[in-house]
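These protein sequence lines map, in sequence, to chains A and B.
Going by our numbering, the first sequence wraps up at 186, each residue one higher than the last.
Going by our numbering, the second sequence wraps up at 566, each residue one higher than the last.
Just so you know, the hints here were simulated from the structure itself, not pulled from any lab data.
A quick note: this is a predicted structure, and the numbers were derived from the prediction, not measured.
Each residue gets a CB set at the ideal place from its N, CA and C atoms; glycine is no exception.
Worth double-checking, as some hints may not be accurate.
[Unchecked claim] Straight-line C-alpha distance at most 30 angstroms; calculated BS3-like pairs for lysine-lysine: (1) B:LYS157 / B:LYS403; (2) A:LYS(-9) / B:LYS157; (3) A:LYS(-9) / B:LYS477; (4) B:LYS41 / B:LYS275; (5) A:LYS(-9) / B:LYS476; (6) B:LYS470 / A:LYS(-9); (7) B:LYS116 / B:LYS476.
[As the list claims (entries may be wrong)] To give an idea of the interface, some chain A residues facing chain B are shown, with a C-beta separation under 8 angstroms as derived from the structure: (8) ALA(-10); (9) TRP47; (10) ILE93; (11) LEU94; (12) THR150.
[As the list claims (entries may be wrong)] Residues from chain B that keep clear of chain A, each with C-beta distances beyond 10 angstroms, as calculated: (13) HIS44; (14) ASP48; (15) PRO171; (16) LEU405; (17) GLN440; (18) PRO538.
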Amino acid sequence: MIRRAKPVTPDAKAANRPLDSWRRGLLSRRRFLIAAAGGSIALLFAKQGVAKADPDDPVDPWPILEATLEHMLPSEPESPGAAEIHALDYLRFVVADPRIDAEERTFILQGSRWLDELAHERTGKPFIELGFDDKETLLRQITRSAAGENWASTVLSYLLEALLTAPAYGGNTDGIGWRWLEYVPGFPLPGPGTRYAELPL
Amino acid sequence: MSRDFDVCIIGSGAGGGPIAYTLAKAGFSVLVLEKGPWLKEQHFTKDELACCRRNVYTPRLDDEQHVIEEEDKAEEWQATATGQSGWNFWNGNCVGGSSNFMSGYFHRLKPVDFKLKSTFGGIEGANVVDWPIDYADLEPYYDRVERLVGVSGEAKAHANSEPRSSSDFPYPPTVEHPISRRIDAAAESLGYHALRVPRAILSQPAMNRRSCEYSGFCGSFGCSSGAKGSSRAALLDHAVATGRCEIRPHAKVFRISTDSKGQISSIDYFAQDKGVQRVDARVCVVACQAIETSRLLLASVGPRFPDGLANNHAQVGRNLLFSAGGAGSGDMDFADRDEAGVAELRRVGPFVNRALDDWYTLSDPELGRVKGGIIEFLWDHPNAVVRAENAKWRDGELVWGKPLKRRLETWFRTDRTLNFEVFNDWLPNDNCFVALDRQVRDRWDSPVAKVRVGAHPQDQRIGRLLADKGERLLKKLGARRVSSSVGPAPPPNLQAGGCRFGDQAEHSVLDADCRTHEVENLFVSDGSFMPTGGSVPYTFTIYANSFRVADRIVAQLGGRRADSA
């Protein structure tokens, strides 16, 4: 890459549209993130009649995120899944990283709670207790709204980072993701002292 | 009058480095003010997160951004702050600037680039002019860059080769990938002439720098061996070693102050944890990269410069340039090759180093004889996450689970993608300029640059002509799924213009020596000076011109000092 290209919108449906809708696409994503961080489930699913979460009893988002990650990148005998690449540890690093927009970090956590609420509403069970097919149905359902699709896309992006970035950041354990995809990383790689948070920026 | 330094340079990239190097070596005291940190070889790793996903070498867009004006379908200019769009126009804010992260494709301009107006005539809607200097004026400085920055290559006759004063490059070509020979053969069979591309990458240790270590990760990464000819590794480290050059990182200049006579009275900057600082110098050199250079001049109002420094003829910021063209790709499928062929394709590290330079000028059925450009070949960028991210979308739907895993296996394990990039002139025009935004401010409360990025329609036409040639070559190589795209969007890392040089103050900001027409001791030494951009990446020409400007500054300060080494 010599020429740096214009970024494609996170909403791939808009990726090949002309200039002005590309612009709107990005703007609307930003607005969705901000609005979503405010806590409206109606935005996520564009649905009516979903019960509000009890603010005094917040659901722990991490088991829901773990189940989502494992659903999105399942373990198989010949290839690693979310568990083997330590995707959950990686996501914890992401959510604690001040380099990432605070709105996006809130959105990741908040979205998992909404997913769980929807699971309760549709099946009477928490998301983590659902079988494969129910999880798949529910996740597909949320991607029909722009905010839900953004959430799934965001989680998927960080999952792919966990698979393919330097092991020093907590994912891609011992380079297992690289080995699976026969990918040759560069050198030197970041390690203790040269991870980006440790650079004298 | 006593001055803190002989020369103060604002910005430490390819425009600033040659000034610091030359002036310090000539015995003058030099201060370099750099907005970003001072990272060194040991800090640079092949870290996709750092370079390309968290963008740690550029400011956070919440802190510092641009406002970009694009034309929408209704032909109205729509302004969007990059903090909203995520379209990052920063290119490397650290000592050495974006030259730390370049790929180092070092093509010279050609004699015709200095005379586009007189060669091809005017173009409606474009502000094409001849340069006030000739190729012969710049040639000795290209030669100097090849030696001091370190350019590896091989000079071989080509129909479009530019004249050289030295017979060959000072360093042999970098190690090349087996695909390079195949490109040569494919080009020959099509009647094209592949050119071996000179690189600002040392193929041998020299000048206290190590040779390239061929990690396969070059562009967008800082160099950990020192082989890449960044302004930092190649020039500033040597300037500092003279004992006469001081670099102050984390120093963000927000204004060049002038007195009632229009003379520079101080250079004012925010220093990390120290608040506002001021220095003065006999000569001030601005080299912040094109957009930010225009912004700083526009923001530096004074009693004699109500509309910005050196802007009494309303020229600052106008005729900003990017690079027109586009990109294409084709997949080299492993299934089409035997085991040895696959092993060859999978080799990581050596460079492709090939370009097509057969159409630097060309004949178009409608436009007649016009300026063309070059086509550069290179492997798909090695970053892994970005490739995987593309795999997560299929026909506008997210893919996950086992289908995603199978897709990743196919995308990573069954082919290698060869790309090409087209470079042709971004015609200067009235809809491509820098101004100050009226609303958005940076974290120091200064107005940010508003950049209108209008392109002339001819740019895309030429880009398409060239991209079709690139596609033909990829198909000849046996690539599958060959495609290309040419569009009006500017590549933010290829910027120049905004303070064009010329002989008349009414139509240019700088004189032929890159001194401002309006302030005798104010120079601009980055790519801002270029009235037309040529059809190659800018860094080599910025370096060469900055060395030329450095010689003029030495002369203005009375010549080399006797006590200099």
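Status of each hint after checking the structure:
1. B:LYS157 / B:LYS403: 52 angstroms, violated
2. A:LYS(-9) / B:LYS157: 35 angstroms, violated
3. A:LYS(-9) / B:LYS477: Holds: LYS(-9) (chain A) and LYS477 (chain B) sit about 29 angstroms apart, inside 30 angstroms.
4. B:LYS41 / B:LYS275: Holds, because 23 angstroms separates the two Cα atoms, which is no more than 30 angstroms.
5. A:LYS(-9) / B:LYS476: Answer holds: LYS(-9) (chain A) to LYS476 (chain B) is near 26 angstroms, not above 30 angstroms.
6. B:LYS470 / A:LYS(-9): 23 angstroms, holds
7. B:LYS116 / B:LYS476: Distance of about 35 angstroms is beyond 30 angstroms: violated.
8. ALA(-10): ALA(-10) (chain A) check passes; min Cβ-Cβ to chain B is 7 angstroms, inside 8 angstroms.
9. TRP47: 19 angstroms, violated
10. ILE93: Not OK, violated: ILE93 (chain A) not within 8 angstroms of chain B, min 15 angstroms.
11. LEU94: 19 angstroms, violated
12. THR150: Result: holds, 5 angstroms to nearest chain B Cβ.
13. HIS44: 5 angstroms, violated
14. ASP48: 4 angstroms, violated
15. PRO171: 23 angstroms, holds
16. LEU405: Contrary to the label, LEU405 (chain B) does not stay out of reach of chain A, its closest Cβ about 7 angstroms off (not over 10 angstroms).
17. GLN440: At about 16 angstroms from chain A, GLN440 (chain B) clears the 10 angstroms cut-off, so the statement holds.
18. PRO538: At about 6 angstroms from chain A, PRO538 (chain B) fails to clear the 10 angstroms cut-off, so the statement is violated.
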